[in-house]
Amino acid sequence: MSSPPISAREAAIAEPLLEVQGLEARYGPIRALADVSLAIADGGLVTLIGGNGAGKTTLLRVLSGLLPAAAGTIRLAGQDITALAASARVRLGLIQVPEGRQVLAPLSIEDNLLLGGYTRTRREQAEGLEQAYAMFPALEQRRRTAAGLLSGGQQQMLAIARALMAKPRLLLLDEPSMGLSPILVDEVFETIVRLAAAGTTVFVVEQNAFRALSIAEHAYVLEAGRIILEGAAGALKSDHRVREAYLGL
Amino acid sequence: MSADFLQFLFSGITQGACYALVGLGFSIIYNASQVINFAQGEFVMIAGMAAVGLIDAGAPFVLALAAGVALTVVVGVALEKFAIEPARNASVVTLIIITIGASIFLRGAAELLGGRGFRSMPAFSGNEPIVIGGAALLPQSLWVLGVTVVIIFALGRFFNATMHGKAMLATAYNPVMAQLMGINTRLVLSLSFALAALLGGIAGVLIAPLSLTYSTVGVMLGLKGFCAAILGGLGKPMGAIAGGLLVGVSEAMTAGYLSSAYKDAVAFVIILVVLVVLPGGLFGGRSVERV
Ligand SMILES: Nc1ncnc2c1ncn2[C@@H]1O[C@H](COP(=O)(O)OP(=O)(O)OP(=O)(O)O)[C@@H](O)[C@H]1O
Ligand SMILES: [Mg+2]
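Sequence order for the protein chains is H and E.
Residue numbering for the first sequence follows UniProt numbering, starting at 1 and increasing by one per position.
Residue numbering for the second sequence follows UniProt numbering, starting at 1 and increasing by one per position.
Derived from the structure by calculation, the hints contain no laboratory data.
Where a beta carbon is used, it is the ideal one built from N, C-alpha and C, also for glycine.
Among the clues, some could well be false.
On the chain E side, residues computed to face chain H include the following (Cβ under 7 Å) [unchecked claim]:
#: 1; residue: Ala170
#: 2; residue: Asn174
#: 3; residue: Gly182
#: 4; residue: Ile183
#: 5; residue: Asn184
Take the sequences, apply the hints, and build the full model.
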């Protein structure tokens, strides 16, 4: 294949890793997302905050291909993936850590991790396991334990480690702080910052607006299925609307 | 132990091993889709009928057995592809009704192609019984038991030590998460029909020399395999095996000590009791733990 002209290549570099335009999602007659547009730069750490039922999980379901988009487009690294099956998106490196962690309770920690690397070669799986255990030593000590026996915090770590097994280009996290004690929340957010620093592009969806805005570079606010605000995370943290509605100030 | 008891036990375990293989098929498809495949018994019938037909037509014995099983797998995959897959957004009840329709169709097709008659297959290694404790054990029974044991170990390895097996388990435990891990859950469904048909087909050629083969032989076998699966807890492979053996042995004891007229009733009584008293099967709990 001949290489594209320089200008096109530069355009591809400037292009965001994920670009969503005019996305709409429905549950039957209910419209859960309306005209959602967002862009996530390669290497960025972006958050989307929203209250209960705002449509955060729905957005991630559509991005991952679990729910079809009723309208709009999703592009990953320039490629239109709107119609791709969920498993095909995983192969492109779009990996989600879903709400409630969803560890496979009866399977061992190691099997959960291996399945996280399902789309990877055996070699990559072995390397991934090594890295996962280096990053989360507690998981290695209990590698043969059924995942369902882990504490909530450990399950969240397992869920993140499992997602990393797939070698994400873009990691989507749905409320990783949910149901965790403040100390564990700190730990989870530190892990996310470390991942982003190591080069993984991260999109984290949260109700815990203060924490999310504290680690992210860019942020969106979702309300009743629409993006009502967007900007630098630091700026949104001091925006009066965000302070009133999400920070309780 | 009396020779009678031993005799009933042998025949019960042999029959039970076949129910176990059929029951495993029910559980595997149920795990992948929540569908109860009522064409499972027809898999047994197809393999037996096809193998007997080929043997009668002069095909080498082993080749005929292999072809019978292979044809069954093809039918299983085709059933999924052309009857289940196009309706995959329909409710589970609809899909179950589709499998009932498919079973009727397969019986009709078998009658057209293989005739209505009862046909017999020669035993794999003769009919000279082995006498143990005064009871006679047919070599074919040893084939049935031996192959069943091998299959159980092979399945255990498949599910615990291969990525495809683990992907099937993951799909059973949490289909949404399975998709998020990149597992093609539609392919898993297709694979589960192939595996269930393979087990049914193997049961079909193993049992054919012991019972006759005819177009409706799968009806009872299917029901008893279903009974085995729910007795062991639908979706639990090891439960289906235990359930199969229990159904087989209870049947043989009933037929031996009471009357063979009651033999087929045993399975139905078990189904009723399980549904009313033990909806989770003998080993309790819900069929599959979901998070
Ligand atoms: N399966 C469904 N069927 C119908 N409506 C749904 C379904 N799932 C979600 N909804 C509705 O869509 C809207 C958005 O839900 P969603 O789960 O995306 O919100 P969320 O922001 O993730 O909320 P939470 O913070 O509680 O997780 C809600 O009004 C919800 O009731
Ligand atoms: Mg949610």
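Mind listing which of the numbered hints don't hold for this structure, in increasing order?
-> Violated hints: none at all, because every hint is consistent with the structure.
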